[in-house]
Amino acid sequence: GQNIDQPTEMTATEGAIVQINCTYQTSGFNGLFWYQQHAGEAPTFLSYNVLDGLEEKGRFSSFLSRSKGYSYLLLKELQMKDSASYLCAVNNDYKLSFGAGTTVTVRA
Amino acid sequence: IAGITQAPTSQILAAGRRMTLRCTQDMRHNAMYWYRQDLGLGLRLIHYSNTAGTTGKGEVPDGYSVSRANTDDFPLTLASAVPSQTSVYFCASSEGQDPNYGYTFGSGTRLTVV
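So the sequence lines, in the order shown, correspond to chains A and B.
Numbering of the first sequence is given in the working numbering, commencing with residue 1 and proceeding in unit increments.
Numbering of the second sequence is given in the working numbering, commencing with residue 1 and proceeding in unit increments.
It should be emphasised that the hints constitute simulated quantities derived from the structure, not laboratory data.
Glycine included, each C-beta is placed from N, C-alpha and C at the ideal position.
Keep in mind that the hints are not guaranteed to be accurate.
As the list claims (entries may be wrong) - Here are the simulated SDA-like pairs of lysine to any residue, each with C-alpha atoms no more than 20 Å apart in a straight line:
#1 B/Lys57 / A/Asn91
#2 B/Lys57 / A/Ser27
#3 A/Lys81 / B/Ser107
#4 A/Lys68 / A/Asp52
#5 B/Lys57 / A/Asn3
#6 A/Lys57 / B/Asn100
#7 A/Lys57 / B/Gly102
#8 A/Lys57 / B/Tyr101
#9 B/Lys57 / A/Asp93
#10 B/Lys57 / A/Tyr94
#11 B/Lys57 / A/Gly28
#12 B/Lys57 / A/Thr26
What the hints assert, rightly or not - Here's a subset of chain B near chain A, in silico, CB distances under 7 Å, partners left out:
#13 Leu41
#14 Gly42
#15 Asp98
#16 Gly102
#17 Ser107
So that you can see chain A by itself, here it is in the shape it has in the complex (with noise of 0.2 Å):
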């Protein structure tokens, strides 16, 4: 089976860093994925890594330690925008297996 465990909620404050975690049993591993979900919309893709390190994209990084089973997506200088959920997503037998989801919520 799969169990992909996040954090349910963190809040930060505006133009701060938030770290958010993810760690992964499953049966299979091709890859681990990020994707941030805005409320009442679709999850759109952040970042994807399959080679243990650190993969930067802007003000979004995310790092993989295989032999751990640990993720994480590091998000810098928040801004108000950046408040949704941040799923963490396992590339599985081909398939996506999707943990439940960290809501970040960003404060003034």
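Given the structure of chain A, go ahead and fit chain B onto it with the hints provided.
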């Protein structure tokens, strides 16, 4: 049409009724997926199709059926709706069978079964 179109946007359905959720994509993607999203549970895969003419069961397939007669369309049918099928349903597609190509999601259908 640009990307994935789902219809209807929302629906209130009486228990026991049959309902088909429509999903159409214009990207010529081979793989398509149906997920349901429930609070606290995240997105769970219902059914998928790696290519036209083939379908497969996901994590929560009971009470749902799909067909893939052509590349563009992937309808999801609830034969006899029950209140536990109240959820937001998302259709997604991927260029290839390997989702590392990236998923594109539709805007979702909010279904309430009463």
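Tell me, which hint numbers fail for this structure?
none
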